[in-house]
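Chemist: Can you make the complete structure from the sequences, with help from the hints?
So the protein lines, in turn, are chains A, B, C, D, E and F.
Counting from 1, one number per residue, gives the positions in the first sequence under my numbering.
Counting from 1, one number per residue, gives the positions in the second sequence under my numbering.
Counting from 1, one number per residue, gives the positions in the third sequence under my numbering.
Counting from 1, one number per residue, gives the positions in the fourth sequence under my numbering.
Counting from 1, one number per residue, gives the positions in the fifth sequence under my numbering.
Counting from 1, one number per residue, gives the positions in the sixth sequence under my numbering.
In case anyone wonders, no lab produced these hints; they're calculated from the structure.
Be careful, since some hints might not be right.
Claimed, not checked - In silico DSBU-like pairs for lysine-lysine, Cα to Cα no more than 30 Å straight-line:
1. C/K30 - C/K40
2. E/K30 - E/K40
3. E/K30 - A/K40
4. A/K30 - E/K76
5. D/K40 - F/K30
6. F/K30 - F/K40
7. F/K30 - E/K40
8. C/K40 - D/K76
9. D/K30 - D/K40
10. D/K76 - C/K76
11. F/K40 - D/K30
12. A/K40 - B/K76
13. B/K40 - B/K30
14. C/K76 - D/K40
15. B/K76 - A/K30
16. A/K30 - A/K40
17. C/K30 - B/K76
18. C/K40 - D/K40
19. E/K30 - F/K76
20. B/K30 - C/K30
21. F/K30 - E/K76
22. D/K76 - F/K76
23. F/K76 - E/K76
24. E/K30 - A/K76
25. F/K30 - D/K76
26. D/K40 - F/K40
27. C/K30 - D/K76
28. E/K40 - F/K76
Keep in mind the model is a prediction, meaning the values are calculated, not measured.
There are 6 protein chains.
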Amino acid sequence: MSDVWLTTLITDTPQAGFELAITLSRRGVKYTQPDVAVLKRLRPVYAEDAEALTAASQVIAINFQTVAAANNYWRK
Amino acid sequence: MSDVWLTTLITDTPQAGFELAITLSRRGVKYTQPDVAVLKRLRPVYAEDAEALTAASQVIAINFQTVAAANNYWRK
Amino acid sequence: MSDVWLTTLITDTPQAGFELAITLSRRGVKYTQPDVAVLKRLRPVYAEDAEALTAASQVIAINFQTVAAANNYWRK
Amino acid sequence: MSDVWLTTLITDTPQAGFELAITLSRRGVKYTQPDVAVLKRLRPVYAEDAEALTAASQVIAINFQTVAAANNYWRK
Amino acid sequence: MSDVWLTTLITDTPQAGFELAITLSRRGVKYTQPDVAVLKRLRPVYAEDAEALTAASQVIAINFQTVAAANNYWRK
Amino acid sequence: MSDVWLTTLITDTPQAGFELAITLSRRGVKYTQPDVAVLKRLRPVYAEDAEALTAASQVIAINFQTVAAANNYWRK
Numbered sequence: 001m002s003d004v005w006l007t008t009l010i011t012d013t014p015q016a017g018f019e020l021a022i023t024l025s026r027r028g029v030k031y032t033q034p035d036v037a038v039l040k041r042l043r044p045v046y047a048e049d050a051e052a053l054t055a056a057s058q059v060i061a062i063n064f065q066t067v068a069a070a071n072n073y074w075r076k
Numbered sequence: 001m002s003d004v005w006l007t008t009l010i011t012d013t014p015q016a017g018f019e020l021a022i023t024l025s026r027r028g029v030k031y032t033q034p035d036v037a038v039l040k041r042l043r044p045v046y047a048e049d050a051e052a053l054t055a056a057s058q059v060i061a062i063n064f065q066t067v068a069a070a071n072n073y074w075r076k
Numbered sequence: 001m002s003d004v005w006l007t008t009l010i011t012d013t014p015q016a017g018f019e020l021a022i023t024l025s026r027r028g029v030k031y032t033q034p035d036v037a038v039l040k041r042l043r044p045v046y047a048e049d050a051e052a053l054t055a056a057s058q059v060i061a062i063n064f065q066t067v068a069a070a071n072n073y074w075r076k
Numbered sequence: 001m002s003d004v005w006l007t008t009l010i011t012d013t014p015q016a017g018f019e020l021a022i023t024l025s026r027r028g029v030k031y032t033q034p035d036v037a038v039l040k041r042l043r044p045v046y047a048e049d050a051e052a053l054t055a056a057s058q059v060i061a062i063n064f065q066t067v068a069a070a071n072n073y074w075r076k
Numbered sequence: 001m002s003d004v005w006l007t008t009l010i011t012d013t014p015q016a017g018f019e020l021a022i023t024l025s026r027r028g029v030k031y032t033q034p035d036v037a038v039l040k041r042l043r044p045v046y047a048e049d050a051e052a053l054t055a056a057s058q059v060i061a062i063n064f065q066t067v068a069a070a071n072n073y074w075r076k
Numbered sequence: 001m002s003d004v005w006l007t008t009l010i011t012d013t014p015q016a017g018f019e020l021a022i023t024l025s026r027r028g029v030k031y032t033q034p035d036v037a038v039l040k041r042l043r044p045v046y047a048e049d050a051e052a053l054t055a056a057s058q059v060i061a062i063n064f065q066t067v068a069a070a071n072n073y074w075r076k
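Modeler: In C-alpha cells, the structure reads:
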C-alpha cells in the first residue's frame, strides 16, 4: 500500500478523532488482508456476531487513546 | 453517521465520565454495525453471556482511561 | 441507573484503589446487563471458568491503571 | 477480604515490581472467586493450556505497566 | 535472530509510524515462531478469519501507541 | 523463582528493548507454569496456532510499551 492515507493525528473535534480511530482500526485489518474482496465477504458474518463487534470496538478504543492524546484531549 | 454526538471529553464528575466511556464503547459497535435492528437482535444473546459482558466491560475500561486522562482524573 | 456511585477516583491507599477498580469493572458489566437476577445466574458459571476469571482480572488491571494514575500512584 | 495486602506500589527492583504485578493479577482473580478450593481445582487445568497461560501473562503485563510507572521505571 | 531490524522508533510521518507498528507486531509473532515456512502456512487461514484480523489490528494499535508516543504524536 | 533475572528496564537500543519485552512476556508465563517440561510440551502446539501467535505478540507489545517508556523511547 503505497498510497498516502495518514498525514496527521490532529483533528478539529473529538468526534473527528473517534472517526480517525476507526480508520486506523480498519487500516490495521487491511494491511493484514489487503484483498478487498475477502474483506467484503467476511463483513456480513462478523457484523452479526456480538463478540466480533465488541472486539472491533476495543480496537477503536485503543486507537482513540492514541488520537486523543495526540490532540491533548481537545482541551481548550 | 453525520450526526454530532461527541463535542467534548470533559465531564463534571467521574461518573459522568464513566457513562461517556459507555457511549464511546457503544458508538464503536455502531460504526461497525449501523443497523439498529441487528444490534437489537444481538443484545439479548450477549447480555446473558458472561464472557461477552466481561469483554464489554473491558472496552468501557479502555475508553474510561481516555476520558479520565482528558479530565485530569477530576482532581481538585 | 440514576444513583450516584462514583464521586471521586481518589483513595487513601493502593488497596482501596484496587477495590475501586473492581467496582468500576463490575459497573461496566452492570450498565450492559442491569438485570441483577441475570447477573446472579451467570456468576456461578463463570466463577468456575479459569479463562473468565483471567478476563475479569484483566478488566480490573485496566481500571487499576486509571485509578493508580489518578492517585499519582500513592507516592509520598 | 478485609486483610491488608497492598500498602504500596513502590519496590526496590524491577523484578520485585514484576512479582508485585503477579500478586495484583492473582488478587484480581481472587476477588472474583474467593473460594480457594475452586481456584486450586482450576489451576492444573489452565496451567496446561497455552492460551490461558498467555492470557495470564497479559494481565501481568498490564499490571506491570502500573507498577513500573509508579516506580518511575526504577531509573537512577 | 541476531540481525539488526530496529534502530529507532522515530519516523518522518504518522503513516510511517503505523507501518513500523505493523513491523513490530509481525516481529512479535516471528520471535515466537521463527520458522517462516510455518508462518506462510498459517497466513491464508487467519487472513480469512474476521476474528483473527481484528486481533491483528489490535496488536498493531497497541504498538502504534508506543510509536506515536515516541514521536510525540508528530505534532509540529 | 529466587534467581535474579531482571535488574533494569534500560537497554542500549530499541531492539534490545523489544527483546527484553519478550523476556518479560515469557517470564509471565513461567511464573504461572514453572514446570519447564510442560512448557516444552505446549510450545509446538501453540506455535502453529495463528491466534495463539497473535496473542503472544500482543503481550510482547504491552511489555514493549513499558520498556520503551522506561527508556524514554530511546530519543537522542
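Chemist: It remains to establish, for every hint, whether it holds in the given structure.
Modeler: Verification of the supplied hints:
no.: 1; hint: C/K30 - C/K40; result: holds (11 Å)
no.: 2; hint: E/K30 - E/K40; result: holds (11 Å)
no.: 3; hint: E/K30 - A/K40; result: holds (28 Å)
no.: 4; hint: A/K30 - E/K76; result: holds (28 Å)
no.: 5; hint: D/K40 - F/K30; result: holds (18 Å)
no.: 6; hint: F/K30 - F/K40; result: holds (11 Å)
no.: 7; hint: F/K30 - E/K40; result: holds (28 Å)
no.: 8; hint: C/K40 - D/K76; result: violated (49 Å)
no.: 9; hint: D/K30 - D/K40; result: holds (11 Å)
no.: 10; hint: D/K76 - C/K76; result: holds (18 Å)
no.: 11; hint: F/K40 - D/K30; result: holds (28 Å)
no.: 12; hint: A/K40 - B/K76; result: violated (49 Å)
no.: 13; hint: B/K40 - B/K30; result: holds (11 Å)
no.: 14; hint: C/K76 - D/K40; result: violated (37 Å)
no.: 15; hint: B/K76 - A/K30; result: violated (44 Å)
no.: 16; hint: A/K30 - A/K40; result: holds (11 Å)
no.: 17; hint: C/K30 - B/K76; result: holds (28 Å)
no.: 18; hint: C/K40 - D/K40; result: holds (23 Å)
no.: 19; hint: E/K30 - F/K76; result: holds (28 Å)
no.: 20; hint: B/K30 - C/K30; result: holds (20 Å)
no.: 21; hint: F/K30 - E/K76; result: violated (44 Å)
no.: 22; hint: D/K76 - F/K76; result: holds (18 Å)
no.: 23; hint: F/K76 - E/K76; result: holds (18 Å)
no.: 24; hint: E/K30 - A/K76; result: violated (44 Å)
no.: 25; hint: F/K30 - D/K76; result: holds (28 Å)
no.: 26; hint: D/K40 - F/K40; result: holds (23 Å)
no.: 27; hint: C/K30 - D/K76; result: violated (44 Å)
no.: 28; hint: E/K40 - F/K76; result: violated (37 Å)
Hints 8, 12, 14, 15, 21, 24, 27 and 28, counting from the list given before, are not met by this structure.
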